[in-house]
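If you read the sequences in order, they're chains A and B. Under the numbering used here, think of the first position of the first sequence as 1, with each following residue one higher. Under the numbering used here, think of the first position of the second sequence as 289, with each following residue one higher.
Since the hints were made in silico from the structure, they are not lab data. Every residue, glycine too, gets a C-beta built ideally from N, C-alpha and C. Possibly wrong hints are sitting among the right ones.
Computed footprint of chain B on chain A; a stretch qualifies when at least three of its residues, placed anywhere within it, have a C-beta under 8 Å from a C-beta of chain B [claimed, not checked]:
id, segment
1, 61-73
2, 157-166
3, 214-223
4, 236-250
5, 267-279
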Amino acid sequence: MTTLAAEPAVAVRRASVRRLPPLTVIISFVVVLIMLVLTVVPGLVEPYNPLYQNLFLSAAGPTHAHWLGTDSNGRDVLSLVIGGTRSALIGPALIAFGTVTLGASLGMAAGFLGGPLDAFVNRLADLLYALPGLLVVIVIVGVVGGGYWLAVLVLLLLSIPGEIRLCRAATSVQVRLPYVEAARTIGLPSRRIIARHIAPNILPTIIATFLLDFVGALLGLAGLAYLGFGTPPGAPSWGALLYAGESLLQQNPWLSIAPAILIIITATSVTLIGDWCYERAVRSGTDR
Amino acid sequence: MRITLFLLRRLAGGLALLVVLSMLVFGLLYLSPGSTLQVLMGSRPPSPALVRALNAKYHLNEPVVLQYWHWLEGAVHFNFGVSISVETGEPVTTLILDRVGLSAELALYALIIVVLVGIPLGMLAGTRRGRATDRGISLVSTAAVSAPAYVTSILGLYVFGVALGWFPVYGLGTGFAGRLWHLTLPALTLAALLGAIVVRQTRAAVLDVVSQDYITFARLRGLRRGRILLKYTLRNAAVPVLTSAGILLIIAITAGLFIEQVFSLPGAGTLLLTAVTDKDIPTVQGLAMALGILVVVVNLLVDVGVLILDPRTRFSTKVR
Numbered sequence: 001m002t003t004l005a006a007e008p009a010v011a012v013r014r015a016s017v018r019r020l021p022p023l024t025v026i027i028s029f030v031v032v033l034i035m036l037v038l039t040v041v042p043g044l045v046e047p048y049n050p051l052y053q054n055l056f057l058s059a060a061g062p063t064h065a066h067w068l069g070t071d072s073n074g075r076d077v078l079s080l081v082i083g084g085t086r087s088a089l090i091g092p093a094l095i096a097f098g099t100v101t102l103g104a105s106l107g108m109a110a111g112f113l114g115g116p117l118d119a120f121v122n123r124l125a126d127l128l129y130a131l132p133g134l135l136v137v138i139v140i141v142g143v144v145g146g147g148y149w150l151a152v153l154v155l156l157l158l159s160i161p162g163e164i165r166l167c168r169a170a171t172s173v174q175v176r177l178p179y180v181e182a183a184r185t186i187g188l189p190s191r192r193i194i195a196r197h198i199a200p201n202i203l204p205t206i207i208a209t210f211l212l213d214f215v216g217a218l219l220g221l222a223g224l225a226y227l228g229f230g231t232p233p234g235a236p237s238w239g240a241l242l243y244a245g246e247s248l249l250q251q252n253p254w255l256s257i258a259p260a261i262l263i264i265i266t267a268t269s270v271t272l273i274g275d276w277c278y279e280r281a282v283r284s285g286t287d288r
Numbered sequence: 289m290r291i292t293l294f295l296l297r298r299l300a301g302g303l304a305l306l307v308v309l310s311m312l313v314f315g316l317l318y319l320s321p322g323s324t325l326q327v328l329m330g331s332r333p334p335s336p337a338l339v340r341a342l343n344a345k346y347h348l349n350e351p352v353v354l355q356y357w358h359w360l361e362g363a364v365h366f367n368f369g370v371s372i373s374v375e376t377g378e379p380v381t382t383l384i385l386d387r388v389g390l391s392a393e394l395a396l397y398a399l400i401i402v403v404l405v406g407i408p409l410g411m412l413a414g415t416r417r418g419r420a421t422d423r424g425i426s427l428v429s430t431a432a433v434s435a436p437a438y439v440t441s442i443l444g445l446y447v448f449g450v451a452l453g454w455f456p457v458y459g460l461g462t463g464f465a466g467r468l469w470h471l472t473l474p475a476l477t478l479a480a481l482l483g484a485i486v487v488r489q490t491r492a493a494v495l496d497v498v499s500q501d502y503i504t505f506a507r508l509r510g511l512r513r514g515r516i517l518l519k520y521t522l523r524n525a526a527v528p529v530l531t532s533a534g535i536l537l538i539i540a541i542t543a544g545l546f547i548e549q550v551f552s553l554p555g556a557g558t559l560l561l562t563a564v565t566d567k568d569i570p571t572v573q574g575l576a577m578a579l580g581i582l583v584v585v586v587n588l589l590v591d592v593g594v595l596i597l598d599p600r601t602r603f604s605t606k607v608r
């Protein structure tokens with residue numbers, strides 16, 4: 001490439017670094033930051049102990065003392081919702097991390113090496129695409145009678161084949177490019193080509209899928225908890241609160257509305273950040 | 289000839305899926321805690337007669353492979369045994385047939401809304417790309433697609449059922465009009481989710497079609513807008529939209545389960561939840577196989593539909 005052609009590309013790249021992310025993305029980052037604080041130190045903002053029961057105040061509407069009212073056991077709804085952040089985020093974070101680590105490495109290996117591993121992984125992904133995944137989790141977790149961590153494990157296992165397929169597709173595009181050919185020609189081992197050359201190039205896909213997997217797992221786990229499967233023992237959970245509030249919609253609708261709103265804004269914020277990261281990475285990739 | 293071969297391949301793929309699914313479904317018996325006999329007895333009082341009957345029915349003294357074979361023999365004839373705890377003694381097939389009607393009504397109602405509202409909105413957004421109409425429709429559909437069914441249905445139940453009092457909160461109503469009235473809110477919730485997906489698919493497909501040369505040429509020839517929209521744009525955009533029907537079905541099944549639960553509708557989804565909670569394994573097995581068959585049949589119908597809709601695919605069907 002000549003110097004003349006390279007110069008405008010550099011200028012464009014500088015401009016894209018200096019540009020601030022759009023307002024929606026900034027708000028999303030703030031939301032996620034708040035959620036992280038609530039996950040790490042919920043006690044800092046909880047007005048009450050979420051498990052403290054005041055049976056004189058059963059299912060009361062909002063007051064000055066209890067901004068979002070109380071549930072049927074007289075527990076403070078605001079504190080319950082804040083306390084539920086931890087179980088709402090930790091499971092999905094583990095699922096997304098596990099899916100991306102295992103799925104991306106297997107996917108890149110399948111795309112790079114081909115052969116029987118590739119064929120097997122493809123059939124497996126076909127099978128799982130044809131089944132309603134969340135229903136499989138409901139049946140397994142319900143029949144086995146396991147809790148939160150079993151739900152996390154099953155969701156993790158079910159989301160791996162999809163991740164493998166996405167990374168495999170991204171890898172098979174890269175494998176045909178000259179730089180992989182060059183790396184092969186100078187005799188680099190496959191492991192090094194995958195880790196040092198292919199992985200950085202499909203990073204946008206990996207980041208986007210990490211955040212997408214996170215959102216999917218968040219909605220899945222909350223849905224399971226709503227149905228009464230895989231709730232964390234002794235800790236409040238958004239899905240379980242949603243269910244408890246359904247029969248109290250007349251008395252104190254906030255018990256359902258508050259977790260519903262939190263689920264929606266968390267999922268939307270993470271999705272928006274994912275889209276933004278993906279677009280940014282793709283843009284800087286083409287400028288390079 | 290090529291088409292027959294292509295459809296046969298698809299059929300074989302579907303059957304393979306059902307075989308794998310049947311193994312997983314049979315495995316549920318062994319996954320549940322307790323011995324198989326205990327699982328099958330459920331909460332019924334153990335008696336020698338019951339033990340003998342179960343042993344004879346499930347061939348519990350034979351190796352697992354033979355047990356599976358006997359179970360599969362029954363399953364092929366839609367005989368999944370009797371319900372253990374949901375409605376003790378009732379054949380699973382009868383139980384499913386009793387409940388599946390309501391789910392089908394809900395799905396049909398939602399489908400009508402989706403086709404009548406979702407597809408026109410998607411076409412509108414696609415033909416007015418970048419204008420306020422398009423941006424508005426796209427924004428709403430993006431929001432609707434990312435909210436889970438259990439959240440939207442509870443919010444809908446609160447806003448339109450409890451706070452505004454426009455729709456009944458529970459029950460099924462009497463007569464056709466009553467049933468329609470009681471199913472409206474659940475159907476709208478399901479249609480919002482599916483419709484959002486259909487709007488996005490239709491918009492993308494229409495965007496692709498309107499940039500084609502034959503549309504420009506049709507406009508050049510001075511054909512009326514309505515004719516171009518129906519005969520050229522809609523027909524060509526229909527293929528990718530129809531192809532997404534398989535994914536829509538999967539989403540509808542999961543969303544329908546949550547919606548039935550929120551609105552306490554005694555459909556197939558609620559039956560599955562009760563069966564899972566009560567550890568009624570034969571009922572769970574029957575429902576899972578029924579779902580598998582539904583998915584395979586719908587995917588086959590989609591394949592045939594695409595072949596009918598777009599003659600070009602009849603020549604390009606890949607026989608791998």
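Against the structure, the hints come out as follows:
1. 61-73: Per the Cβ count (0), the hint is violated.
2. 157-166: violated (count 0)
3. 214-223: Held - the segment 214-223 of chain A has 4 residues with a Cβ nearer than 8 Å to chain B, which meets the minimum of three.
4. 236-250: Holds: 6 residues of the segment 236-250 of chain A have a Cβ under 8 Å from chain B.
5. 267-279: holds (count 3)
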